[in-house]
Each structure stands twice: as structure tokens, then as C-alpha cells.
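Chain A is already provided as a structure; the job is to place chains D, X, G, B and Y on it using the hints.
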Amino acid sequence: MKSKLFITLKSPHEFGGLELVRASAKGAKSALLLFEDAVIFAANAKKGKELLSAVQEIYIMKDDWEARGLPLAVPEFKIVDYPQAVELIMERYEQTITV
Amino acid sequence: MKSKLFITLKSPHEFGGLELVRASAKGAKSALLLFEDAVIFAANAKKGKELLSAVQEIYIMKDDWEARGLPLAVPEFKIVDYPQAVELIMERYEQTITV
Amino acid sequence: MAESLLILVTKPPYGFEEAFAGLRAGLGMLASGLVPVSNALLVGEGTLNAVAAQRPEAVRMPSNMEAINDMLDFEAKVYVVKEDLLHLVGDVPLMEGVEVIDWERARKVIDEHDMVTTF
Amino acid sequence: MAESLLILVTKPPYGFEEAFAGLRAGLGMLASGLVPVSNALLVGEGTLNAVAAQRPEAVRMPSNMEAINDMLDFEAKVYVVKEDLLHLVGDVPLMEGVEVIDWERARKVIDEHDMVTTF
Amino acid sequence: MKTMVIQLRTGTMMNMDSNIAVKLAQAALDKGYAVRIFGYGEGITLIKKGQDPKRFPNVGNETKEMLPKGLEVVVCETCCKARGVARGEEIEGTKIGSLTNDLSRFVAEGDRMVTIAR
Amino acid sequence: MKTMVIQLRTGTMMNMDSNIAVKLAQAALDKGYAVRIFGYGEGITLIKKGQDPKRFPNVGNETKEMLPKGLEVVVCETCCKARGVARGEEIEGTKIGSLTNDLSRFVAEGDRMVTIAR
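Protein chains in written order, with the working numbering: chain A, 1 to 99; chain D, 100 to 198; chain X, 199 to 317; chain G, 318 to 436; chain B, 437 to 554; chain Y, 555 to 672.
Since the hints were derived computationally from the structure, they do not count as laboratory data.
Keep in mind that a hint or two might mislead.
Computed beta-carbon distance windows for the label pairs [unchecked claim]:
#, chain 1, residue 1, chain 2, residue 2, range
1, B, K490, G, E429, 46 to 52 Å
2, A, L18, B, N537, 43 to 49 Å
3, X, K306, A, D81, 33 to 39 Å
4, A, D81, X, R303, 36 to 42 Å
5, Y, K623, G, P353, 49 to 55 Å
6, Y, E619, B, R491, 34 to 40 Å
7, D, I178, Y, E619, 52 to 58 Å
8, B, G468, D, G126, 31 to 37 Å
9, Y, E646, B, K490, 23 to 29 Å
10, B, K490, G, R372, 42 to 48 Å
11, G, D408, D, K148, 33 to 39 Å
12, B, N494, X, R303, 38 to 44 Å
13, X, R253, D, R121, 30 to 36 Å
14, G, P353, B, E501, 33 to 39 Å
Virtual Cβ for every residue (Gly too), placed ideally from N, Cα, C.
Chain A with its partners taken away, still in its complex shape (with noise of 0.2 Å):
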């Protein structure tokens, strides 16, 4: 199966693409970058775990990240820059699914 990375910008009250994320990735080397306010999640201990549960590693933007002023409640979270984002899209993963 290609390998997959997710894309979301939306905050954990906005998302509701865990179930579609877990579906579609089940199986497939996955990954999810988070940008925007989609970072809270990194900042909630529970939440945070659920998104770990549907794919293998999760990657936050490190500008989003700063801008909130939140402590890290979820150590597992990958903290990347724009270069690095751009490595993820273009050679890490086969392809990018926003949800």
C-alpha cells in the first residue's frame, strides 16, 4: 500500500476526521502533520493519544506551535519546520490526504 500523510488545519473542537484517518490509513505506513490550530492537539494528553492511535507518527509546525504558548502534554509529537514539512509531502509519503 503507498504510504500516506495526512493534513489537517483544523482544531481538535473542529476535527472530526479520526474515524476517516483511522480507516484509511489501517494498514499503510501513515503519518499525520498538523498545522494551524490543528497543534492544540499536541497540548492535550487524551486527544493527542487518540490521533496516535490511528497512525504511526505525528508531526506539528513549529510556528503554529510557538504562537499558542502551550505546554507539550503529548512528548511523542514531532516538532518540524517549513523545510521539513515540505521533505515529508514531497519524499517521505506517497501521498498527502487532507482531512
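Relative to chain A, chains D, X, G, B and Y alone:
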């Protein structure tokens, strides 16, 4: 307490305002008026009942409902037209709160 | 160098223009002759776009059923994930021509396409 | 004939312009002299607008903290529902000047205003 | 005569929200209420001249038709500038104004506010 | 040289989505990738001339600055017409085009598509 008419345009998938409605409606005469994709709540008995646990009355817009061609799963919901919606907003409730 | 684009429809009809816009984008690919394969996969609330009893004229919106039929006319596939529909509104009749599938098959559909875009 | 407008902030800072726009609207009411009372109530993810450690310059966005301070300068109240903040991100330090309340009090705040608008 | 204030914050075409604003305004005017619409944020697109949607309702035209019935429409100038919508691009009879001068007046004269936003 | 296709569907100012598109494009160009942006639906506002946001990043200007680096930007004509954005209102060097002629070409030549939408 002032009577409250909550308004939402969000589909069940998008809508995350139930706790806000419940918390702010407590102790007041209250209703929810559903526009656009929010009428999909009327086609799902479980989700529809959840809304009914937070407010006393639920109104759905006739044209939005008819457009979607779905069977009504929550008979307690009342179908209204635009003149009736105006009546609810201007006369029957003291505050409107979009959620 | 993508040869196929999957239109993943997650939004329900009429509230947003998204589902319509997505089906239109799929049609654009097919009409161009540059992207040989473009199909649509309806998931979650997106499955409601295939409900047979829709009456878009009630809200004066363009018909998403027509947009689906346009894709079918170009011999594209329009897949609907049954589990998602059942979970949402039960077993309501769907339009003719759409292909009802389960998530097992939906995963294969996603994999068969080079690119996926979500509406 | 409304004499007071409550700005109900539900959206978190920076992703959307909503929270900033809401606080600006409140300020506009106060500056006009036509609407004597306009306060803000931060609920749900909206409570994050009052977090003390925000660094909006990281995303080149206008500061929602500054917008809150502008309202406080006009002697408006900016209320934050504690339960919602705790539930979301735990007990993080908030800006000086905001008033931390529970839902019991928040209901009274809503009631004290003629109109409510959500951002 | 009571007044309904509609605050519209979403774009004309991205979804049906502006339609809802228009239909509520029509119904309220028909029942004899005064109606004010304030376009804020993306909602300023309601008054852009020259809208020509092929398949969607033309909310610009419908707004224009309600003006003689007493509808007042103002949108936020800062929001217009941000988006490159200049004075003169607004539908005749609508106004590019401000929170301080116009929304505040609508609130002060208004009885109910309906916020159309996502 | 691989190509990143960005499909942008939200308006310039309602949220930070267009910023994300711009920052991704900048980083991809810097790394030597080709980048194409297609503005669809509300995303057409990216190329509106004369954007002048007081406090928010000016994504119109930033897009313009990337054009000499090989960025190609096309937006959907039907979507422009619907919103009253006429030919001539686009930033110089960007193009008002179509799904059939332009998005299809981007897809055919592209290696990854990033959909920026809500």
C-alpha cells in the same frame, strides 16, 4: 433568565457546540434552530436525541430539509419556514446565540 | 507525473459548495484529456450526495446528483462507502450508477490513484 | 434598542481571524459611545486567547492579547470560563486582567447582556 | 417596528450562509420588521458589484432588490481593504463603513442580532 | 525536479490557510521543487490585486514575489465570475484559468498535491 434561541448551520460532523448549548441553556426557556447542513441531525435518531437533551424545542428549516431527501428520524423536531423562523427570532425568544 | 486523481468527498450536499466543486474538478480532469483517470469516493457525510430523493431546487442550488451523473457519463466511477451511510442515516435509497462499497475496498480505491484531493 | 453586546469567543487564536475580529467588534462598540456596554466571554477553545505565553509574532498574526488588553483599557470585562480551559489544556497561566469564572457565573454574564454575538 | 440585525461573516459563494442571510432578511421585511445587514470579515463579499454565479443564487442582486424595501447594508472597510475591495466596487445603495460608526448604530437601534458564521 | 501542486480553497483573510499555502510554496521553491498553486472556490481571492491588510500578512504580495522563482499561479475563472472578480483584477503574472486547462495540467505534471481547505 432570558429565553434563548440557539442557531446553527453546522452538520452533525462539523458541530461541536452541544456542551456550549447545554451549559448556557441551563435553567432558561431554550430552543435550537437548524439551518443548512444542520438539518441532517433530523435524519439520525441518536444525534437528534442528544440535541433534545440540551434544549426544549428543536426547529429545522423546511427548504434545507427538503433539499436533502432524507427520512425523518426524530419526529419531535418541528419543521418551519422562513416567516416562522423570523417569528421565533423576533418574538418568541429574547436572545439568539449562534453556535 | 500523476495519471489519476481521486476526488474524496467528505462534505454533504448544499450547505457548502465543496461537494459540487469536487465533482466538477473530477469532470474537468476527464474532459481535459491530460488526466486519464479521475474517480470520486464518497465517505462520511459525503455519502449524502448520492441519496436518490434529493431535491436541490428547494434551496436553489445546483444539483449534486447531476454532477454525479456527469462523472458517470464520462465513465468515471463514483464510489459510496456503505458503512458510513448506514451509520449516518440508515439504509436510504441511492442514485443509480454509483458503486456501493465497504472500507476494505475503499482503501484499495485510494491506493489505485496517484493523487487524492479532499472536498 | 440594545444597550449591551456580549462577544462570545469560541474560536482559538491565530488559525482563524474570528477571535481577533470579535474582540475588535467589542472595542468598536465601546469606542462608538452608542453601545455603552460590551464585554467578552471566552469559552471552549476560545479560552486559549487569554493564555499568557502566546507569541503571535511566530505566525506574523496580530496579537489577540493586545486586543484583549485594548478591551480592558476601555474598562470592559473579559471573562474566561475556567472549566473549559482546564478540560482543554490544564491549568496554564492566563493574562493579567481577565476574570476567571465558572459556568454558573457565565450564564449570568450572558443574561446581563441584551445581545450576544459569537466569534 | 422592531429591528433585526444580521451580522454576516462568510463569503458569498463558499457555502449557503449568505443565502440564509438574504432569505431571513426577505422574510423579516415582508413581516414589517426593519432589517440591517453588517458584513464583517469574509462577509464583505456580499456587496461586491458584478457577481455572476452560473449556477448558484445571485445574492448580490437579491440584496440590491431589497434595498428599496428599507434594508440597510453596511460592510467593514478594514476588511474590504485587506481583501483588495476598493470603494466603488460596492453595489449601489450599500455602504462600506465601520464597526464604530455602523455596527454600533445597528446594535443600538436593534432588537435581535442574528450572527451568520461558521 | 519534482512538482508540488497546492490547491487552495479558502479566502485570503478568513483564516491562515492562504499563509500556509504561501509558506509551503516558499519552502518548496527554496529546496528546488517546482510549485504550482491552483485557487479554487474562495481560494481565488489569493490573486486579487490591491490587497492591503492592516495587521495580517499580505499574501498577495508574497505570492507576487515568488513568481520570478518559477511559481505558477492559476485560479478558476467560473469562481472569479461568481464573486464579481473580473479579468484585470488579478495580480500581474498570475492567471485566471480553468480546471480543464490548468488544474489538469498541474495534476498531470505534478508529483504531490496538497489540498489546503477546511
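task = For K490 of chain B and E429 of chain G, compare the CB-CB distance with the range 46 to 52 Å and indicate the outcome.
result = 48 Å Cβ-Cβ, so the 46 to 52 Å window holds.
inquiry  = Given the hint of 52 to 58 Å, is the C-beta distance from I178 of chain D to E619 of chain Y inside that range or not?
reply    = 53 Å, holds
task = Go ahead and decide if the range 34 to 40 Å is satisfied by the Cβ distance of E619 of chain Y to R491 of chain B.
result = Once the Cβ atoms are compared, 36 Å apart, the range 34 to 40 Å for R491 of chain B and E619 of chain Y holds.
ask   = Between E646 of chain Y and K490 of chain B, is the Cβ distance one that fits in 23 to 29 Å?
value = 27 Å, holds
Verdict for P353 of chain G, E501 of chain B (Cβ pair) under range 33 to 39 Å = 36 Å, holds
request  = Using the beta carbons of L18 of chain A and N537 of chain B, state whether their distance is inside 43 to 49 Å or not.
outcome  = 45 Å, holds
ask   = Has the hinted range 42 to 48 Å been met by the Cβ atoms of K490 of chain B and R372 of chain G?
value = Hint holds: Cβ distance 45 Å, inside 42 to 48 Å.
ask   = Regarding K306 of chain X and D81 of chain A, is the given constraint of 33 to 39 Å on their beta-carbon distance met?
value = With Cβ atoms ~35 Å apart, the hint holds.
inquiry  = Assuming the hint says 36 to 42 Å, is it satisfied by the Cβ distance from D81 of chain A to R303 of chain X or not?
reply    = 38 Å, holds
ask   = Do the Cβ positions of D408 of chain G and K148 of chain D conform to the proposed distance bound of 33 to 39 Å?
value = 34 Å, holds
query = Is 31 to 37 Å right for how far apart the beta carbons of G468 of chain B and G126 of chain D are?
reply = Given range 31 to 37 Å: holds, Cβ gap about 33 Å.
message = For the hint 49 to 55 Å, verify it against the beta carbon of K623 of chain Y and that of P353 of chain G.
response = 53 Å, holds
Checked against the numbered hints above, the structure breaks none of them.
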